[in-house]
Structures are given as structure tokens and as C-alpha cells.
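K.L.:
Using the sequences provided together with the hints, build the complete structure.
Chains Z and B are the protein sequences, given in the same order. Just so it is clear: in the first sequence, position 10 is 10 by my numbering, and no numbers are missing. Just so it is clear: in the second sequence, position 50 is 50 by my numbering, and no numbers are missing.
Hints are computed from structural coordinates only; laboratory data are not their basis. Hints may be right or wrong, so weigh each one.
Said to hold, decoys possible - SDA-like cross-link-like pairs, simulated, lysine to any residue; straight-line CA separation at most 25 Å:
id, chain 1, residue 1, chain 2, residue 2
1, Z, K97, Z, P158
2, B, K208, Z, V27
3, B, K238, B, V44
4, B, K93, Z, S170
5, B, K38, Z, Q101
6, Z, K97, B, K38
7, B, K38, Z, P158
8, Z, K97, B, E156
9, B, K208, B, Q107
10, Z, K97, B, G67
11, Z, K11, Z, V27
12, Z, K97, B, T272
13, B, K93, Z, I68
14, Z, K97, B, R97
15, B, K93, Z, R162
16, Z, K97, B, F35
17, B, K38, Z, E168
18, B, K208, Z, L169
19, Z, K97, B, L81
20, B, K208, Z, V159
21, Z, K11, B, E156
22, B, K38, B, P234
23, B, K93, Z, E168
24, B, K38, Z, S170
25, B, K208, B, R133
26, Z, K97, B, P36
27, B, K93, Z, R165
28, B, K38, B, G67
29, B, K238, B, T272
30, Z, K97, Z, N155
31, B, K208, Z, R162
32, Z, K97, B, R133
33, Z, K11, B, R155
34, Z, K66, Z, A52
35, Z, K97, B, G37
36, Z, K97, B, K93
37, B, K208, Z, K97
38, B, K38, Z, F96
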Amino acid sequence: MSVAGPLARGKSQRRLERYALPSLVGVLFLCVWDASVRISGSDLFPKPIEVARGIGELAEKGLLHKYIVASLFRVTWGFTLAMAVGIPVGLFMGWFKWAFQALNPMIQVLRPISPIAWIPVAILWFGVSDAAPIFLIFLASVFPIAVSAAAAVANIQPVYVRAARNFELSRFDLFRRVIVPATLPQIITGLRIALGIAWLVVVAAEMIAVSSGLGFLIIDARNAGKRYDLVVAGMVMIGLIGLGLDLLVRRMERMDVVRWGYHNQ
Amino acid sequence: MTRAESDPGSRTGGASPAGKDADAVVRIRDVWMTFPGKTRDKDVHVLEGVHAEVRNGEFVCIVGPSGCGKSTLLNIVAGFLPPTAGQVTVEGKQVTRPDARRIFVFQENGVFPWLTVAQNVGFGLQRREPTERDSIVQHYIEMVGLTGFERAFPRELSGGMRQRVEIARALAAQPSIIYMDEPFGALDYLTRLKMRADLIRIWQEERKTILFVTHDIEEAVQLADRVLVMTRRPATIKEEVKIDLPRPRDIDSPDYLRVRDRIFDAMGIDRTTGRSGEGESLDEKSVVPGL
Numbered sequence: 001m002s003v004a005g006p007l008a009r010g011k012s013q014r015r016l017e018r019y020a021l022p023s024l025v026g027v028l029f030l031c032v033w034d035a036s037v038r039i040s041g042s043d044l045f046p047k048p049i050e051v052a053r054g055i056g057e058l059a060e061k062g063l064l065h066k067y068i069v070a071s072l073f074r075v076t077w078g079f080t081l082a083m084a085v086g087i088p089v090g091l092f093m094g095w096f097k098w099a100f101q102a103l104n105p106m107i108q109v110l111r112p113i114s115p116i117a118w119i120p121v122a123i124l125w126f127g128v129s130d131a132a133p134i135f136l137i138f139l140a141s142v143f144p145i146a147v148s149a150a151a152a153v154a155n156i157q158p159v160y161v162r163a164a165r166n167f168e169l170s171r172f173d174l175f176r177r178v179i180v181p182a183t184l185p186q187i188i189t190g191l192r193i194a195l196g197i198a199w200l201v202v203v204a205a206e207m208i209a210v211s212s213g214l215g216f217l218i219i220d221a222r223n224a225g226k227r228y229d230l231v232v233a234g235m236v237m238i239g240l241i242g243l244g245l246d247l248l249v250r251r252m253e254r255m256d257v258v259r260w261g262y263h264n265q
Numbered sequence: 001m002t003r004a005e006s007d008p009g010s011r012t013g014g015a016s017p018a019g020k021d022a023d024a025v026v027r028i029r030d031v032w033m034t035f036p037g038k039t040r041d042k043d044v045h046v047l048e049g050v051h052a053e054v055r056n057g058e059f060v061c062i063v064g065p066s067g068c069g070k071s072t073l074l075n076i077v078a079g080f081l082p083p084t085a086g087q088v089t090v091e092g093k094q095v096t097r098p099d100a101r102r103i104f105v106f107q108e109n110g111v112f113p114w115l116t117v118a119q120n121v122g123f124g125l126q127r128r129e130p131t132e133r134d135s136i137v138q139h140y141i142e143m144v145g146l147t148g149f150e151r152a153f154p155r156e157l158s159g160g161m162r163q164r165v166e167i168a169r170a171l172a173a174q175p176s177i178i179y180m181d182e183p184f185g186a187l188d189y190l191t192r193l194k195m196r197a198d199l200i201r202i203w204q205e206e207r208k209t210i211l212f213v214t215h216d217i218e219e220a221v222q223l224a225d226r227v228l229v230m231t232r233r234p235a236t237i238k239e240e241v242k243i244d245l246p247r248p249r250d251i252d253s254p255d256y257l258r259v260r261d262r263i264f265d266a267m268g269i270d271r272t273t274g275r276s277g278e279g280e281s282l283d284e285k286s287v288v289p290g291l
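P.N.:
Structural data, given as C-alpha cells:
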């Protein structure tokens with residue numbers, strides 16, 4: 001009992017900190033929001049309840065579902081392409097010093113160019129189609145993915161590679177059985193950052209280059225009748241889905257094969 | 001100082017000439033190692049003409065002051081580093097790269113953290129039949145005392161247990177020689193004592209040739225058939241001390257202490273101050289206080 005007591009208290013306290021406190025902050029935020037709209041007397045900016053109704057309205061029309069699917073579709077494609085290019089290129093750069101020296105300066109020049117700056121170019125090349133935002137998402141996420149994969153290889157503990165050499169692994173086995181698992185934790189962290197960026201970019205891209213998706217919803221709701229309840233509804237959905245995506249990748253970080261990489265030892 | 005004829009440790013003195021011993025499996029012949037510095041005169045001369053031999057089934061320890069190049073020598077012998085000059089042969093063949101028949105146990109623990117204990121131990125057995133592999137893995141897990149931890153990940157184990165996993169991984173590959181580079185260096189004193197006792201038991205069961213690098217003279221005297229004493233950098237093997245004491249060795253027995261003191265002398269260390277002959281203090285870790 002003397003042991004179970006403090007432990008049980010610790011657990012319920014953790015639960016309180018994990019769920020109750022954030023909920024409290026959320027409720028407080030909604031209250032402040034509601035009060036500010038009422039006090040300012042704005043008739044354009046919606047109250048929380050109006051946003052909730054807006055979301056309901058979108059759901060009823062089937063637009064919510066359609067737009068979310070459209071946005072996720074673009075992110076999935078752009079992000080998958082970025083992984084398919086970024087991870088191999090990054091691993092390659094991390095393993096061969098000459099490849100890093102050849103490619104890194106170019107990457108460092110391209111990387112700080114905001115994907116938003118690429119929008120006109122994307123429209124020029126791909127027109128108003130799904131390809132334009134997919135290209136932008138690809139651009140936005142490929143560099144962080146490649147850079148983190150390269151860093152992951154460079155950070156492999158030499159002792160793992162030496163052990164692998166001692167067991168006379170073939171090049172392919174060295175890659176499959178040592179390089180990939182040794183770099184996976186850091187690659188996943190890179191993916192998490194890149195996915196966050198990709199989600200930011202899809203919304204921006206959809207405001208300009210296409211006529212569906214959550215980004216389009218926001219711009220369309222404003223342009224066609226100043227429906228700010230729908231604008232904010234779009235924003236809320238973007239936030240919630242972004243949170244969901246992040247939790248999904250965080251889940252991957254808890255897998256047994258990568259968990260070691262997040263404990264500092 | 002006079003020594004009785006019945007001394008358990010016999011001093012052969014100097015480096016043994018290459019090719020003297022027909023039973024030697026590992027022959028280190030006039031190995032030199034220089035790491036290039038920024039300029040010629042800043043080159044680091046680590047090894048200068050090292051000669052040594054290890055016989056089949058022998059347990060040989062290399063001791064020397066910290067940073068003297070013992071690890072460098074072991075890395076050359078294992079084929080991880082090419083020597084600047086000289087050569088190493090194992091079973092008559094020149095060593096040019098690491099070989100799966102000779103497994104290295106690393107000081108910094110080379111157990112793969114993404115694999116379970118059983119997967120680590122079976123790492124070198126991928127080409128075996130799964131059932132055969134499982135039984136070998138099980139056998140060596142048992143030998144190092146990790147039964148029940150087969151599915152644990154290294155992060156869930158203590159430092160000593162992780163080092164056991166690495167030893168089991170080395171044994172499971174069924175090598176003829178095991179190279180150990182201060183494998184117990186990072187462990188606490190009591191764990192180190194236990195690991196030494198277990199390593200001796202395992203070695204007596206398996207009769208592998210073991211070449212073991214340590215800065216800990218006590219450790220060398222407890223483990224080895226023969227101790228090779230290295231000088232400070234640029235290093236050579238200054239002295240060879242044979243230890244004929246029965247195992248397990250009583251670290252309080254007069255015979256044990258005599259051998260230990262002989263190695264202290266060979267290293268030119270004053271046992272009470274830890275100072276070497278030239279009056280220069282060694283890294284404190286390399287000097288173990290008398291018991």
C-alpha cells in the first residue's frame with residue numbers, strides 16, 4: 001500500500017496534466033474568443049458556436065469530407081514523392097562524402113526559398129491542376145527529408161558499422177541490416193518536421209492553384225460572400241488534421257525498432 | 001630485489017622474435033603505426049616495431065598506459081586498420097580486413113539497439129537454418145547468463161548485460177579468435193569482477209583464442225595466460241609475463257600479488273604513488289591501487 005499509494009496518485013496526476021489541463025486551456029480560449037467577438041460587436045468575425053455550425057453545414061453538404069480528402073490526397077502524393085526521392089538521396093549523401101560535398105550547396109540554396117515563391121512557377125509548369133500543389137508539397141518536404149537522412153547516416157555510431165564489417169556483411173546487407181535501422185529514428189523525426197511543412201504548404205497552394213481542398217475552402221468562403229464562419233471552420237479543420245498527422249508520426253516513434261534512438265545514451 | 005625460482009610469473013623479457021613459436025596463430029611482425037599530423041613533424045607515432053605472437057587457445061592480455069596504442073594495435077590485428085609498416089598474419093595468412101572467423105568485442109558496446117537480445121546474438125548466423133540458428137542463439141544466451149531476456153531490447157538492460165550480449169554474439173558466430181578491446185572498461189567494479197569470472201568460465205568451456213586489451217593490470221593478471229606489457233607512446237612490447245597460476249585466481253594470494261607487482265615494475269610504475277619511472281604521472285585509471 002505504501003508503494004501503491006504514491007504511484008497511483010502519480011498516475012492520476014499525470015492524466016490530469018495530460019488531458020484535463022489542455023482541455024481547460026481550450027475551453028478558456030473559446031470563452032475569450034466568444035467574449036471578444038461579443039464585446040467588439042463584429043458582425044463578420046464568427047463566434048465559436050457559429051464556426052461549429054459552419055462545420056456542420058459543410059459536413060451536411062458533403063463538402064467537408066470532399067475537401068479534406070482533396071487536401072490529404074495532395075499531401076499524400078507530394079509527401080510520398082518527397083520520401084521516395086529525399087530518403088535515398090539523403091542516405092547517399094550521408095554515406096559518400098563526395099556526394100554530400102557535391103549536392104549540399106545546391107540544397108542549401110534551394111531550401112530557404114519558400115514554397116510559396118514557387119507557386120507562379122508551379123502554375124506555369126503544371127497549370128491549375130492537382131500536379132501544381134503536389135509539386136509544391138514535394139519541394140517543401142524533400143529538402144528537410146534529405147537533410148535529416150544525410151545527418152542520420154553521418155551520425156551512425158561507427159561501432160555499428162565496424163561490427164557489421166566484422167561479420168562480413170555484403171553491401172546490400174550492411175544497408176538493409178545496419179544503415180537503415182540505425183538511421184530510422186532520425187529519419188522519422190525528419191519526416192515529422194517535413195509533414196508539418198507539407199501540411200502548411202498544401203493549404204497555401206490550394207488558395208491559388210486549384211479549386212478544391214481546405215485551402216480553397218478558406219479563400220472561396222471569403223471571396224464568395226464573406227462567409228467568415230466557413231473561413232474559420234476551414235482553419236479549425238486544418239489545425240485538427242495537422243495535429244492528427246503529427247500524432248500519427250509520433251506513433252511511429254514509439255515502435256520498438258526505433259525507440260532506442262529517442263533515449264539519450 | 002630477488003625472486004624465488006618458484007615464481008608463478010616468468011619474465012621472458014623483450015619482444016619475442018617472429019616465427020619462434022610454431023604453434024602461434026596470430027603473428028604480429030614488426031608493426032609500425034603512424035597517424036599523419038598536419039605537418040611531418042606533427043605525425044603521431046603510435047607503434048614502433050611491435051612483435052608478438054598468440055598461440056591457439058591462449059588467453060593473452062595486452063596492458064599499457066592509457067593512450068599508448070593498445071587499442072590501435074588490436075584494431076590492426078583485427079584488420080580494421082592497416083599498419084603503416086609490418087604485417088599481421090593469422091593462421092599464416094596476412095590480415096587485410098576484418099574476418100567473421102575473428103570477432104571483435106568493442107569497448108563502447110557494439111550491440112545493435114534496434115534488435116532484441118536474441119536477434120543480436122544471432123546476427124552473425126543469418127545463413128544458418130532457422131532451427132539451427134535458434135538453438136545456437138539459445139545456447140550462448142544461456143552461457144552468458146541472459147536466459148529470460150531473449151526478447152528484451154538493449155536499452156532495457158544494464159551495461160554489464162549489454163556487454164554479455166556482445167560476448168554471446170561473438171561466441172555464436174563461432175570464431176576461432178575473439179579480440180576484446182577493454183570490454184569491461186565502462187562497468188562498475190563489482191560488475192567487472194563478475195564479468196571477468198564469467199569470461200574465464202566461458203573461455204575454459206569454449207577454448208577460444210582471446211586477445212584482450214586492458215589498462216587494468218589487475219584484470220590482466222586475473223585473466224591471462226600471458227601478459228604483454230606495452231610502453232608509453234611510441235609503443236613497443238617491452239615485456240612478456242607468463243602467468244601459470246590456476247584459475248579462478250585469488251586476488252589476495254601472494255603469488256597473484258607477486259605477478260601483479262612484476263607487471264607494475266615492467267611498466268615502470270611506483271605502486272604507492274602511481275608515478276612512472278620518468279616521474280610523469282599516468283592516467284589514474286591505468287593504475288589500480290593494491291588490495
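K.L.:
All the hints need checking, so say for each whether the structure fits it.
P.N.:
Hints, one by one, checked against the model:
The hinted pair formed by K97(Z) and P158(Z) meets the criterion: a straight-line CA distance of about 15 Å does not exceed 25 Å. Our distance criterion of 25 Å between C-alpha atoms is broken by K208(B) and V27(Z), whose separation comes to about 69 Å. Restraint check for K238(B) and V44(B): the C-alpha separation of about 20 Å stays at or below 25 Å, so the hint holds. Distance hint between K93(B) and S170(Z) is fulfilled; the C-alpha atoms sit about 22 Å from each other, no more than 25 Å.
With a C-alpha separation of about 22 Å, the suggested pairing of K38(B) with Q101(Z) holds against the 25 Å cut-off. With a C-alpha separation of about 21 Å, the suggested pairing of K97(Z) with K38(B) holds against the 25 Å cut-off. This hinted pair checks out: K38(B) and P158(Z) have alpha carbons roughly 24 Å apart, not beyond 25 Å. Taken as a hint, the K97(Z) and E156(B) pair is broken in the structure, with Cα atoms around 35 Å apart against an allowance of 25 Å.
A threshold of 25 Å between alpha carbons decides the hint, and for K208(B) with Q107(B) the separation of about 19 Å falls inside it, so the pair holds. Taking the CA atoms of K97(Z) and G67(B), the gap is near 29 Å; set against the 25 Å cutoff, the hint is violated. Distance restraint check for K11(Z) and V27(Z): the Cα-Cα separation of roughly 24 Å lies within the 25 Å cut-off, and the hinted pair is therefore satisfied. Straight-line distance between C-alpha atoms of K97(Z) and T272(B) comes to about 50 Å, which puts the hinted pair past the 25 Å bound.
Pair hint K93(B) plus I68(Z) does not hold up; C-alpha atoms about 66 Å apart against a cutoff of 25 Å. For the given pair, K97(Z) sits about 22 Å from R97(B) by alpha-carbon distance, which is consistent with the 25 Å threshold. At roughly 21 Å between alpha-carbon atoms, K93(B) and R162(Z) fall within 25 Å of each other, so this suggested pair holds. With a CA separation close to 21 Å, the supplied pair K97(Z) and F35(B) stays within the 25 Å bound.
With a CA separation close to 33 Å, the supplied pair K38(B) and E168(Z) exceeds the 25 Å bound. Taking the CA atoms of K208(B) and L169(Z), the gap is near 23 Å; set against the 25 Å cutoff, the hint holds. About 20 Å separates the Cα atoms of K97(Z) and L81(B), which keeps this hinted pair within 25 Å; it holds. About 23 Å separates the Cα atoms of K208(B) and V159(Z), which keeps this hinted pair within 25 Å; it holds.
Of the supplied pair hints, the one linking K11(Z) and E156(B) holds, its CA atoms being roughly 22 Å apart against a limit of 25 Å. Distance hint between K38(B) and P234(B) is fulfilled; the C-alpha atoms sit about 18 Å from each other, no more than 25 Å. As the CA atoms of K93(B) and E168(Z) are separated by approximately 17 Å, the hinted pair is consistent with the 25 Å bound. For the hint pairing K38(B) with S170(Z), the CA-to-CA distance comes to about 35 Å; that exceeds 25 Å, so the pair is violated.
A hinted pair counts as satisfied when its Cα atoms are at most 25 Å apart, and K208(B) with R133(B) qualifies at roughly 20 Å. Only pairs whose Cα atoms come within 25 Å are accepted, and K97(Z) paired with P36(B) is accepted, the gap being roughly 20 Å. Distance restraint check for K93(B) and R165(Z): the Cα-Cα separation of roughly 19 Å lies within the 25 Å cut-off, and the hinted pair is therefore satisfied. A distance of roughly 20 Å separates the Cα atoms of K38(B) and G67(B); the hinted pair therefore holds under the 25 Å criterion.
Distance restraint check for K238(B) and T272(B): the Cα-Cα separation of roughly 22 Å lies within the 25 Å cut-off, and the hinted pair is therefore satisfied. Distance restraint check for K97(Z) and N155(Z): the Cα-Cα separation of roughly 13 Å lies within the 25 Å cut-off, and the hinted pair is therefore satisfied. Between K208(B) and R162(Z) the CA atoms are separated by roughly 21 Å; this keeps the pair inside 25 Å, and the hint holds. A distance of roughly 37 Å separates the Cα atoms of K97(Z) and R133(B); the hinted pair therefore is violated under the 25 Å criterion.
A threshold of 25 Å between alpha carbons decides the hint, and for K11(Z) with R155(B) the separation of about 23 Å falls inside it, so the pair holds. The hinted pair formed by K66(Z) and A52(Z) meets the criterion: a straight-line CA distance of about 18 Å does not exceed 25 Å. This hinted pair checks out: K97(Z) and G37(B) have alpha carbons roughly 21 Å apart, not beyond 25 Å. For the suggested pair K97(Z) and K93(B), the alpha carbons sit about 33 Å apart, so the restraint of at most 25 Å is broken.
Restraint check for K208(B) and K97(Z): the C-alpha separation of about 39 Å exceeds 25 Å, so the hint is violated. For the hint linking K38(B) to F96(Z), the alpha-carbon distance of about 24 Å falls within 25 Å, and the restraint holds.
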